[in-house]
Amino acid sequence: MAQLASALVTMLLGVLGCAVYFYGSNILLDKVFPTKSGPAQKVARNLRISNTIRPWLFLGPAVLLLTFYLFYPVIDSIRLSFFDRSGDEFVGISNYVWLFGSDEFFESFRNNMLWLIVVPTAATFFGLVIATMTDRIWWGNIAKSLIFMPMAISFIGASVIWKFIYDFRSGGDAQIGLLNAVVVFFGGEPQNWITIPFWNNFFLMIILIWIQTGFAMVILSAALRGIPDETIEAAVLDGANGVQIFFKIMVPQIWGTIAVVWTTITILVLKVFDIVLAMTNGQWDTQVLANQMFDWMFRGGGDFGRGAVVAIVIMVLVIPIMIWNIKRANAEMEGR
Amino acid sequence: MIASSKRSPLTYLVHATVLFLVVIWTIPTAGLFVSSIRDKDQLSVSGWWTALSTSEQRIVDRANGPKTQTQEGDQFVIRGNLLTNSSAVITQFGFSSLDPEAFAAGTLAEMRNGQTLQVMANGDYALASPAQWKGSRGQRIFYTAEVPPRFTLDNYREVLSAEGLGQSFLNSLTVTIPATIIPILVAAFAAYALAWMRFPGRALLVAAVVGLLVVPLQMSLIPLLKSYNLIGEFFGVGSKTYVGIWLAHTGFGLPLAIYLLRNYIAGLPSEIIESARVDGASDFDIFRKIILPLSFPALASFAIFQFLWVWNDLLIAMVFLGNNEEHLVLTGQLRELLGSRGGNWEILTASAFITIIVPLCVFFSLQRYLVRGLLAGSVK
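Listed in order, the protein sequences are those of chains A and B. For the first sequence, UniProt numbering gives the first residue as 1, with consecutive numbering after it. For the second sequence, UniProt numbering gives the first residue as 1, with consecutive numbering after it.
Where hints are given, some of them may not hold.
Chain B side only, calculated, beta carbon under 10 Å to chain A, not exhaustive [unchecked claim]: (1) Ile24; (2) Ser35; (3) Tyr156; (4) Ile177; (5) Val186; (6) Leu194; (7) Pro216; (8) Lys226; (9) Gly251; (10) Gly280; (11) Phe284; (12) Ile290; (13) Met318; (14) Val319.
Hints are computed from structural coordinates only; laboratory data are not their basis. Everything numeric in this text was worked out from a predicted model, so none of it was measured. Note that CB positions come from ideal geometry on N, CA and C, so glycine has one too.
Turn these sequences into a full structure, and let the hints guide you.
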């Protein structure tokens, strides 16, 4: 109860602090440079001044927070990658030399590439297929809602859910993991799935695909509905069958949306961390960059130099998408 | 759409396929839930899909020691009951590991030296011997019991109190609520400025926000950890505080918040804003009285996003709030349990269900806003 009370008080203080800043600063501005009354010349001058200042009152906290939490750390990470484990001593490129000489890095890099190829492809594919089919049946919305549901589940929760499915009992004990039970039912040999090198990566990927398919489905379904009916009617009149209509008429029209879904999931995949941490913690050849980075941050008291180097690899992989996004946003702004 | 009105075989195929996919997508969560309310002894020996059927358990137990023997006529007898669960029924029993199901319940089993063992279906057993029982340990009894399905909330009771999930639940709430509200306030003002105010550097700022949208969190962690340690030292407080994590979530959530809200606010009709300006309203008044009420749908969308994201986050909580008991959030607690109670599925399933129940409720009740936000955030 005490915890709840103090939590409520701190919550209120935090939220109030924010509100007070915005109200207070704007009211202060109006007090110092009054624009409602006074000699016309002075009002005009005050109006000019307050119009110059006010955007920065509005933007101030956001700019400060973005600078402190995102912009400055990116720069500092680059700097730290040239420093030793505590970040005090300049060590040149030795962290990079270590990185490109370490097997663990190549293992994570290979796994990350696998994730990058498999997860966005599978999630987008399933999303598209499900979106197309659910649009044609009367209970489509219920189906969509259920397939969308894993989106709300945390990665760690999803990991527990799937670890239970992959659970393995040795010897002749009854299998309580669904996957092994199915395998046994069909006469197969039960396996400890998440310890089988290489293939275990795919068992981890299934979790993220399970989560992300709903996202792909929702967005692609909206895009499919946006396709003008005339194009489809024209194709039907020309005698196209369902498959032809899907691949030659519908898919090309939503190509842009598919790209957006794909890149969004790609970025998520690059940062995937919780699932690997919870399922294997990188054992049995399942390491990925984000988990390796986290590992180095704390391993043996933490090696900030090496952690930063791994982070930079992730960043470099994201940069092409970042540039593409900015270009797209700029094009949109001009169109407005 | 292209669905024809007549029922073709293809339509049935679509129904069947969607049903199949829906089952695949929901079964994992369903399994978790069913398991979490099963009796823990049953959970560990049979799959959750058998939850409704009577399960068979093979158990080894020991009879009471010779100390409890009584003389009945010319026999020395040891009596007792094997079953702790009163609704179970014993079907078979045996006294040797070579043949644990040798005798049906109720029959009299001959052992060595004229000794006999009888086990009844209700668990009562009697060991009889013409000579006095010796030694200190009781005779081993093997039996097969049929246990009817049993559902219980014990698992939840246990994790909420003994495993500290109740505390974590409060911690999660403490982290999540301010970390959802603060970024909305900060972002709404910034979004308005970026959409409707004129000042130098506006286009650059918008581009920067779009760019920061995809910066991986990993880039920020180490420098921020260092900064937090410095700041904590300077103020003489620990580096792991609620204020610290609120601000961290605010900072990381801001790009998406500003981007979503700016798109929405920029799309509001300019006549409203222009006419308010002509009437002498300041930007602050316009924002407060016109923009905020009008952008409610966008604010709600982002709030749901941020709520789900913060509630489900593990990485930021682990780095900025640490692993000590009193600060552990639900996701962190679940991860600890996964390490320490890896095989205890009754604990894990119940804990996992507690961590996902709040987001699931939010999801199902506010799905409309979530979908709208997703669409605004990515479809162009």
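Hint check, failures only: 3, 12
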